[in-house]
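S.K.: The opening residue of the sequence shown carries number 1 in my numbering; numbering runs sequentially from there.
These aren't lab readings, by the way, just hints derived from the structure by calculation.
A virtual CB, placed ideally from N, CA and C, is assigned to each residue, including glycine.
Hints may be right or wrong, so weigh each one.
Label pairs and their computed distance ranges (CB to CB) [to be verified]: (1) CYS68 - THR45: 49 to 57 Å; (2) VAL52 - MET1: 19 to 27 Å; (3) GLU93 - VAL52: 58 to 66 Å; (4) LEU16 - ASP88: 41 to 49 Å.
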Amino acid sequence: MKNIKIVFWLIVVVFLMVFTFQNQDIITAKQSFRLDLIVFDEYHTPELPNAVIYLSCFLIGFFIAFFCGLTERLKNRKIIKNQKAVADSQQEEILELQNKPESSQSIPLEVLENNKEIHEPS
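Could you put together the complete structure from these sequences and hints?
M.R.: Right, here's the structure in full:
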């Protein structure tokens, strides 16, 4: 499994290098954005390479997705914690029942014989 991960990431890195090399003129081109809000004056960003713009858009999207899923992850973590507590308490109860002396768990032989007679078909 470890070798598969290494091969996968090497393939990803090679594809990124090929993409960057083939699109070098587009990635390094500089561009300025203009933000025109009706209430405020027009705002111009400084000229930035497209790579910086692409990377910032990726990071903004990543953080939005991260924080949108954060509440769900915290809720699931709480559920898992409660489930583990229940499982641990049940495991302790099982161990207690297994460690009880055999005499308190055994049924007298007479009762078993009487029970067989009742349940056997005539």
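S.K.: Each hint: holds or not?
M.R.: Structure-based check of each hint:
Restraint check, CYS68 to THR45: a C-beta distance of roughly 26 Å breaks the suggested window 49 to 57 Å. Range check, VAL52 to MET1: about 36 Å between beta-carbon atoms, so the 19 to 27 Å window is missed. A hinted range of 58 to 66 Å for the beta carbons of GLU93 and VAL52 is consistent with their spacing of about 60 Å. The given range of 41 to 49 Å is respected by LEU16 and ASP88, whose C-beta atoms sit roughly 46 Å from each other.
Consistency with the previously given hints fails for numbers 1 and 2, ordered from lowest to highest.
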